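Student: Given only the sequences and the hints, what does the whole structure look like? Please build it.
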Amino acid sequence: MKIIRFLPLLAIVLAALSLSACVHGKKGAGHNGASDSDYVNGSPLPERQEGVSFTSSNTDRSKFRPVYFAFDSYAIGSGERGKIDEVANFMKGGSNTLIVAGFTDERGTPEYNRGLGERRAQAVREALIQAGADGSRIQTVSFGAEMPADSGSGDSAWAKNRRAEFGVVR
Amino acid sequence: MKKLRAFCAFASCLFVPIALSHGAETPTITISKSDRQAIAIGTIGGADGAQVAKILQNDLAMSGFFNLVPATSAGVVVGGTSNGNSLAGTVTDRSGKTVLSKTFSGNVRSKVHAYADEIIETLTGSKGFANSKIAFVGSSTGHKEIYVADIDGSNVHQLTNDASISVGPKLSPDGSRLVYTGYKSGYADVYEIELGSGARSRIIKFPGTNTGACYSPNGHELAVILSKDGNPELYTTTAGGSFARRLTHTKGVESSPTWSPSGDEIIYSSDDAGSPQLYRIAAGGGSGHVINTGHNYNTEPNWSPDGKRVAFTVRDGGSFTVAILDLGSGNVHTVGSGEGPAWCADSRHLIFAEGGSVILLDAQTGQKTTLVSGLGKISEPTCSR
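Just so you know, the sequences run in chain order A and B.
Each residue of the first sequence is one higher than the last, beginning at 1 in the working numbering.
Each residue of the second sequence is one higher than the last, beginning at 1001 in the working numbering.
The reader is advised that the hints may include incorrect statements.
Listed below are the simulated DSS-like cross-link pairs for lysine-lysine, each with C-alpha atoms no more than 25 Å apart in a straight line [to be verified]:
1) B/1054 to B/1127
2) B/1308 to B/1368
3) A/63 to B/1184
4) B/1127 to B/1102
5) B/1368 to B/1054
6) A/160 to B/1377
Selected chain B positions facing chain A (Cβ under 7 Å, derived; list incomplete) [unchecked claim]:
7) 1186
8) 1228
9) 1373
10) 1376
Counterexamples of contact, computed for chain B against chain A with all Cβ distances above 10 Å [stated by the list, open to error]:
11) 1173
12) 1335
13) 1364
Please keep in mind that the hints were generated in silico from the structure rather than gathered at the bench.
Every value quoted in this text rests on a predicted model; they were computed, and no experiment measured them.
C-beta: ideal position from N, C-alpha, C; glycine also.
Tutor: Okay, here's the thing in structure tokens:
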């Protein structure tokens, strides 16, 4: 019984692995319904550096511009690519650790927002890795809807708050 | 592929009623207002008798099972003697026959709550929740902090005082422990607090964001969302946060796991197919199967202790509504504005957040009671069982 159940899963994992060789870094097609498919593109995070975080004083949070996102989305728009390349080039030229922090606007429920913020940070990290940056020096964190860039409510504030920020550890 | 999925969904629909009919032997009892038992608070003697009578009256009214009436027209009369840490309770019926006689100990509120739950269970067969604890996030200090209180809204107490971000509290089923997501380290970590001693430890601190921790019904495991492997995914760990075992493999965001009463299954929210939907997965591993609710945005599921229903939050337009899914029939109905629902021990009442308040809802009668307010924006309430 166990083997019979395991075989289709194995086939899917193998198919996903061979697929990922050519589409690595791109978003897979949406999988509807039951999640009997797999996603193997994420890159595991490196161990944390003790005493260093996005909010600690030894982290420069103003060096790079934030990447902005559409409502309820973690896709990186083509207009934001230039910002990613800028950070990737900086990473390739040095040895700094980078912390990517993801944020959402206030319109979701809190726990989903924390997940969505993390997913945005991870999407930016993946894009940096694709652009040649060393993933073993890139951490992520999500603050969900906390720490908004604009504390107002309304389209303009929300657009500023759906973001990923870069913290460069000095 | 689509056909296979349709078949799986069909097969799981078939499986649910069969599983329930085997697991749940208790018949469904529908109680209308007229079915309420007429009960009276008789003589409560002893030094703190008057206070005991008042708390007891509130507990019995809150349960939804009773109409409090004068002793002359009551079918059942509640009496007792209360001194110091002891409360000797006696319940008699119309003929004078004793239907309950038991002594409870503890401080005045806890001994009365225990008595109330015993009365409810004896007279109705339903589990009471007067002795339950609640916890929630309040923001009146300018920071999000965790608060705890009794289910009747008394004994409100600020638990964390970190001036950081402390969110997502979940009480253990027995109410003795609490896990939450804290940002003291600058990252999102899972902390556990022993409520008796106040002892706190950071139990899950993987790289990335560690959040959404929720105790299994026996308190031995946690379901939790971890992003250490490159994406927020659902895991289970031991109660202490060790031996993380990954359950989902998606490109989307998993959030807010909740356990079935047996601990065999977990329902969670995932946006893998676009907007967040509810999914059901075996806690031992397997595939997550989508639950069609008819709503586009479904988060914060909470499984009832009797296993029959799931309360969750839907977003319609710009506002949040609490909805209830009946697992047997698949029917979904909304119960009003609010978010973050959590079932009480009786599987009849639930608490949720609405603006600056924690609200208690009797899902059977629709009656709402404000339990706590005045602590800024309140969110993510949780209830012990």
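Student: Determine for every hint whether it applies to the structure shown.
Tutor: Verification of the hints:
Distance check on the hinted pair: residue 1054 of chain B and residue 1127 of chain B sit about 21 Å apart at the alpha-carbon level, within 25 Å; holds. A threshold of 25 Å between alpha carbons decides the hint, and for residue 1308 of chain B with residue 1368 of chain B the separation of about 22 Å falls inside it, so the pair holds. The hinted pair formed by residue 63 of chain A and residue 1184 of chain B meets the criterion: a straight-line CA distance of about 24 Å does not exceed 25 Å. Under the criterion of a C-alpha separation no larger than 25 Å, the hint pairing residue 1127 of chain B with residue 1102 of chain B is consistent with the structure, at around 17 Å.
A C-alpha spacing of about 20 Å is found between residue 1368 of chain B and residue 1054 of chain B, which places the hinted pair at or below 25 Å, so the restraint holds. Of the supplied pair hints, the one linking residue 160 of chain A and residue 1377 of chain B holds, its CA atoms being roughly 22 Å apart against a limit of 25 Å. For residue 1186 of chain B, the suggested interface contact is upheld, since its CB lies about 2 Å from the closest CB of chain A, less than 7 Å. The beta carbon of residue 1228 of chain B is positioned within 7 Å of a beta carbon in chain A (closest approach about 5 Å), and the interface hint is therefore held.
With 7 Å as the threshold, the beta carbon of residue 1373 of chain B stays out of range of chain A, its nearest partner Cβ sitting at about 18 Å, so the hint is violated. This hint is violated: residue 1376 of chain B has a C-beta 14 Å from the nearest C-beta of chain A, more than the 7 Å allowed. The non-interface label for residue 1173 of chain B is consistent with chain A: the shortest C-beta to C-beta separation is roughly 19 Å, beyond 10 Å. Residue-level check passed: residue 1335 of chain B sits 16 Å from the nearest beta carbon of chain A, beyond 10 Å.
Distance to chain A confirms residue 1364 of chain B as a non-interface residue, since its nearest Cβ pair spans about 25 Å, more than 10 Å.
Of the numbered hints stated above, those contradicted by the structure are hints 9 and 10, listed in ascending order.
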